[in-house]
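3 is the number of the first residue of the sequence shown in the numbering used here; add one for each residue after it.
Hints in this document: simulated from the structure, not taken from any laboratory.
No residue lacks a Cβ here, since even glycine has one placed at the ideal position from N, Cα and C.
Don't take every hint at face value.
[What the hints assert, rightly or not] Okay, the calculated beta carbon distance ranges per label pair:
| id | residue 1 | residue 2 | range |
| --- | --- | --- | --- |
| 1 | Leu-77 | Glu-53 | 28 to 34 Å |
| 2 | Gly-26 | Leu-71 | 17 to 23 Å |
| 3 | Asp-49 | Lys-78 | 37 to 43 Å |
| 4 | Asp-5 | Gln-33 | 14 to 20 Å |
| 5 | Arg-81 | Ser-50 | 38 to 44 Å |
| 6 | Ser-50 | Lys-82 | 25 to 31 Å |
| 7 | Asp-49 | Ile-73 | 17 to 23 Å |
| 8 | Lys-78 | Val-54 | 28 to 34 Å |
| 9 | Asp-49 | Ala-23 | 17 to 23 Å |
| 10 | Pro-3 | Arg-62 | 16 to 22 Å |
| 11 | Gly-24 | Glu-51 | 26 to 32 Å |
| 12 | Gln-80 | Gly-35 | 15 to 21 Å |
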Amino acid sequence: PADVIMVGDSANDDMTAANRAGCGGTVLLTQAGGKQLDTDSGYGVGDSEEEVLERTPSLRVESLGELQLCIEALLKEQRKR
């Protein structure tokens, strides 16, 4: 799982599941302006520090194109090393 990057539209469901599974990264796809696409799903969402961290993505993007640009920039930076 550490080699997996999870891309999803729900912090409550997708980010939580990915973080619990030990994915290497989590990407939350949002609407323009950063508004979350899926805010109604999830079950018994808590507010403890641990629960908030589980819902926190590594990165937020507004499109898959933006994610591609981020990955390309990261790979370019790694090639310099």
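Verification of the supplied hints:
1. Distance hint check: the CB atoms of Leu-77 and Glu-53 are about 33 Å apart, consistent with the given range 28 to 34 Å.
2. Checking the proposed 17 to 23 Å range against Gly-26 and Leu-71 shows it holds: the Cβ atoms sit about 19 Å from each other.
3. Restraint check, Asp-49 to Lys-78: a C-beta distance of roughly 39 Å satisfies the suggested window 37 to 43 Å.
4. Roughly 29 Å separates the CB atoms of Asp-5 and Gln-33, a value that falls outside the hinted 14 to 20 Å.
5. The hinted window of 38 to 44 Å between Arg-81 and Ser-50 holds, with their beta carbons roughly 40 Å apart.
6. Taken as a hint, the range 25 to 31 Å is violated for the pair Ser-50 and Lys-82, whose Cβ atoms sit roughly 40 Å apart.
7. The hinted range of 17 to 23 Å is not satisfied by Asp-49 and Ile-73, whose Cβ atoms lie roughly 32 Å apart.
8. Remark: the range hint 28 to 34 Å for Lys-78 to Val-54 is upheld by a beta-carbon distance near 32 Å.
9. Range check, Asp-49 to Ala-23: about 22 Å between beta-carbon atoms, so the 17 to 23 Å window is met.
10. About 21 Å separates the C-beta atoms of Pro-3 and Arg-62, a value consistent with the hinted range of 16 to 22 Å.
11. A hinted range of 26 to 32 Å is violated for the C-beta pair Gly-24 and Glu-51, which are about 19 Å apart.
12. Gln-80 and Gly-35 have their C-beta atoms about 30 Å apart, which leaves the hinted 15 to 21 Å range violated.
Comparing the model with each numbered hint stated earlier shows that hints 4, 6, 7, 11, 12 do not hold.
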